[in-house]
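Undergrad: Residue numbers (UniProt numbering): 1 to 689.
It is possible that some hints are incorrect.
Below are the SDA-like pairs computed for lysine to any residue, each with C-alpha atoms no more than 20 Å apart in a straight line [said to hold, decoys possible]: (1) Lys635 / Asn528; (2) Lys554 / Asp608; (3) Lys554 / Asp666; (4) Lys6 / Ser643; (5) Lys33 / Cys51; (6) Lys31 / Leu43; (7) Lys276 / Lys454; (8) Lys635 / Asn586; (9) Lys233 / Tyr313; (10) Lys33 / Leu43; (11) Lys554 / Ser643; (12) Lys454 / Asp666; (13) Lys454 / Ser206; (14) Lys576 / Leu566; (15) Lys686 / Arg570; (16) Lys686 / Lys454; (17) Lys572 / Lys635; (18) Lys283 / Phe427; (19) Lys20 / Lys276; (20) Lys233 / Asp211.
Worth flagging that the hints you see were computed from the coordinates, not collected in a lab.
A quick note: this is a predicted structure, and the numbers were derived from the prediction, not measured.
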Amino acid sequence: FIMERKTHVKVNRKEIMLAKLRKSCSCTPQKLKNFVMDFFPVLRWLPKYQCKEYIWGDIMSGLVIGIILVPQAIAYSLLAGLKPIYSLYTSFFANIIYFLMGTSRHVSVGIFSLISLMVGQVVDRELLLAGFDLNDDAPPALGDGSLQNDSLSNTTAFNLTIAGINAECGKECYAIGIATALTFVAGVYQVLMGIFRLGFVSMYLSESVLDGFATGASLTILTAQVKYLIGIKIPRSQGHGMLVITWINIFRNISQANLCDVITSAICIVVLVTAKELGDRYKHKLKFPLPTELVVIVVATLVSHYGKLNEVYASSVSGAIPTGFIPPKVPQFNLMLRVAVDALPLALVSFVFTVSLSEMFAKKYAYTIRANQEMFAVGFCNIIPSFFHSFATSAALAKTLVKTSTGCQTQVSGVISAMVVLLVLLFLAPLFYSLQKCVLACIIIVSLRGALRKFRDVPARYHVNKVDTLVWVITMSASALVSTEIGLLVGIVFSMLCIVVRTQRPRTALLGQIQDTGFYEDDLEYENLSTVPKVKIFRFEAPLYYANKNYFLKSLYRLTNLDPNLEAARRKKCEKKEKQHLQKENHRTANGLGIGETTLQLVPKQIDFQALVVDCSSISFLDTTGVNTLKEILKDYKNLNISVLLACCNPSVIDSLKRGGYFGKDFGSMQEMLFYSIHNAVLFAKDQK
1 FIMERKTHVK VNRKEIMLAK LRKSCSCTPQ KLKNFVMDFF PVLRWLPKYQ CKEYIWGDIM
61 SGLVIGIILV PQAIAYSLLA GLKPIYSLYT SFFANIIYFL MGTSRHVSVG IFSLISLMVG
121 QVVDRELLLA GFDLNDDAPP ALGDGSLQND SLSNTTAFNL TIAGINAECG KECYAIGIAT
181 ALTFVAGVYQ VLMGIFRLGF VSMYLSESVL DGFATGASLT ILTAQVKYLI GIKIPRSQGH
241 GMLVITWINI FRNISQANLC DVITSAICIV VLVTAKELGD RYKHKLKFPL PTELVVIVVA
301 TLVSHYGKLN EVYASSVSGA IPTGFIPPKV PQFNLMLRVA VDALPLALVS FVFTVSLSEM
361 FAKKYAYTIR ANQEMFAVGF CNIIPSFFHS FATSAALAKT LVKTSTGCQT QVSGVISAMV
421 VLLVLLFLAP LFYSLQKCVL ACIIIVSLRG ALRKFRDVPA RYHVNKVDTL VWVITMSASA
481 LVSTEIGLLV GIVFSMLCIV VRTQRPRTAL LGQIQDTGFY EDDLEYENLS TVPKVKIFRF
541 EAPLYYANKN YFLKSLYRLT NLDPNLEAAR RKKCEKKEKQ HLQKENHRTA NGLGIGETTL
601 QLVPKQIDFQ ALVVDCSSIS FLDTTGVNTL KEILKDYKNL NISVLLACCN PSVIDSLKRG
661 GYFGKDFGSM QEMLFYSIHN AVLFAKDQK
C-alpha cells in the first residue's frame, strides 16, 4: 500500500524574508528595551537577585577565584611573552564585561593558558620579524610600557604612527601592541560571527579534536616552561617544530642550569602537586579549595627577597610590576593587518571553549544560555579590554569548577574576583618584584595536570571508538610537533575526512529473517537467521551519493554473487555461440543427440534469486548520482528478469526518486516498487511468478 502524503502549503520565502526584515528594521520603545536587555542580560537577572540566598556563595567563590587569578595571571604572562601587569588588566576587565553581557551564571572568564600560548606565539613571531631579541632577560624598557625612545634595551626601536605622530617603540611596547591588535581583531571576528549567526561553525570542533588540541598545546606549554624551571638562557623558539627545537636547545645548554632555580622548582612542584592531590582526595570535606598557589608565591617571594636570590645566585625574577592603570590606547590598524589571519583560530578556540563550558554548566544546574549572546559577550571581552592593554580571554574549566564548588550562584562572584585583582593592581603589585620566574613556571606546569592526564584515557578511548582515538592522536601530534594553529586545522580536516571515508566505505550486509517474525538482520552478525528463498535483501548503511556509488555497486554485486552486466554479456555470448552452432549444424548431417548435447553445454548458469530488496532505512539522502545508480540497477536486473524492490525509504529519499523519474512519469508502478517495510517487500516478491 502507498501512504497518502500530506499536502504542504507552499511558502513564499520572499514574503517571509521581507516581513522579517521589516520587523527587524522597525524601532519601537518596547523593542528597543528588549534589545538592550537582551544585549545586557544583567539587566534582567540583577533586579531579581536573591541577596540572602546568593550573596555569601558569590562572595566566597569570588574571593577564592580572585586569590587564584592573581598568581595565575602573573604566571601566564610568561606564556603570552608579556609583562605581568597586562595579565592582571586582562583578568580585571574580562570579569567585569562578562558580568554585564554573559548568560552563564557559573563560568569563569579570564586569562587561560591555551589562549595565552596562542597569543605568545604570535607576539614572539612579530618581535623577531621586527628585529627584537626574544631573550627574556634583556634589559627591560623603562617606565610603564608607553611609547618611548628606548636606547637601553636590546631594543631595535620600531616606528609606529599614533595620532599622526611618528614615535619609536621598544620591545615591551611593541609586544603589547601586537597582543592588543590580535585581541581586537579576534573580538571583531567573534562579534561578526554573532551578527551573522555563525555559531554553527563550532560544531566542526568535535570533542576528540578539542581534547587533542588542548593536550598538544599543553605539551608545548610544558616545553616552553622547562627553561625557567632549570634557569637556563636559551632563545624562545619560533615557527613549526618549536617543541623539538626547544628540547634540543635545553639538552645542549643543560650544563648551564642554575642550581638555585632547580632546587626552588623541585620544592614548589612537590608542594603544589601534593596539595592538589590532597585537595582532590578530600574535596568533599573541604568547603573551598586550598589557595596553594598564593601561599607558594608569597613564601617564594619572601625567600627570594630576603635571601637575595637574584643578586647572589643570578636567579631570574619577575621584576617591577607598576601599580595603577596605563592610559587607554587604540590598537594599531597596521598591526591588525599583520595578525588578521592569526586572530581567526584564536577567536574560534576562545568562543568554542566558552560556549561548551557554558552549556555544560547550564545543563548541570538546569538553566539555559544563549549561544549567540555568548559570542557577543566573549567578543566584547576581547574588543573593549584591547583598548586597555589587555589580551585575549576565554572561559577556563579549572577555575569554573572551583567557582561552582565554592558556592557560586551568579556572575556577582566575577565582580568580587575583579575587585581582588583591582586591589593587587592598585596596591600590591610591586610586592612581587622578587618572585622567581621558576616559581611561575611551576604553577603553569602543575595546572596542566588535567590536560596531560588525557594520555591515561587513551586505552579507554580506543576501546570506545578507534576512529575518534586516531583523530585525538593526529590532532595532539600536529598541535605539539608542528604548531597549535596548524594542529587545530589538521584536526578539523582529518575529523571531517574520517566522516567522508565512513560514508564512502560504509557497512553493507545481506539480511536474513529472524525465525517466525517479520524482522530481518545482518546474516553475518546474528545466529539462527533463515534465508528467504529466491529473495536477496541488501542493506547499505550510508547516504548514497557520488562518492560512494562505486562502492555501493561493488558491494551489491559481491554479496549477491551476481554482476548483472557481466551476466548479461555472458548470456549474449552464449546466444551468439548457439546461433553459430545452429548455423553449422544446418550444413552438416548429424543426429539429434549431438545437437542436444551442444545446446546443453551452452546454457548459462542458473540465478538463485528472482527479487532484490534494497533496505533503504540507513540511506538518509540521495543525490543525482545516487538516483541514477538505483535506476541503473533497476534496469540491469530487469534485463535478467530480477525485480528490484525498495523498502523503508524516508520521505526525502522518496521525493528524490520521484524527481529523478525512478517510478516512471505517472508513478503508476510505484506501489509495486516501494514498500514501507522489508517484510512487505519480501511477501510481495514471494507472490510474484
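Undergrad: Compare the structure with each hint and give your call.
TA: Here's how the hints hold up against the structure:
no.: 1; hint: Lys635 / Asn528; verdict: violated, 34 Å
no.: 2; hint: Lys554 / Asp608; verdict: holds, 19 Å
no.: 3; hint: Lys554 / Asp666; verdict: violated, 31 Å
no.: 4; hint: Lys6 / Ser643; verdict: violated, 29 Å
no.: 5; hint: Lys33 / Cys51; verdict: violated, 25 Å
no.: 6; hint: Lys31 / Leu43; verdict: holds, 15 Å
no.: 7; hint: Lys276 / Lys454; verdict: holds, 17 Å
no.: 8; hint: Lys635 / Asn586; verdict: violated, 36 Å
no.: 9; hint: Lys233 / Tyr313; verdict: holds, 14 Å
no.: 10; hint: Lys33 / Leu43; verdict: holds, 10 Å
no.: 11; hint: Lys554 / Ser643; verdict: holds, 19 Å
no.: 12; hint: Lys454 / Asp666; verdict: violated, 60 Å
no.: 13; hint: Lys454 / Ser206; verdict: holds, 16 Å
no.: 14; hint: Lys576 / Leu566; verdict: holds, 15 Å
no.: 15; hint: Lys686 / Arg570; verdict: violated, 27 Å
no.: 16; hint: Lys686 / Lys454; verdict: violated, 56 Å
no.: 17; hint: Lys572 / Lys635; verdict: holds, 16 Å
no.: 18; hint: Lys283 / Phe427; verdict: violated, 33 Å
no.: 19; hint: Lys20 / Lys276; verdict: violated, 54 Å
no.: 20; hint: Lys233 / Asp211; verdict: violated, 32 Å
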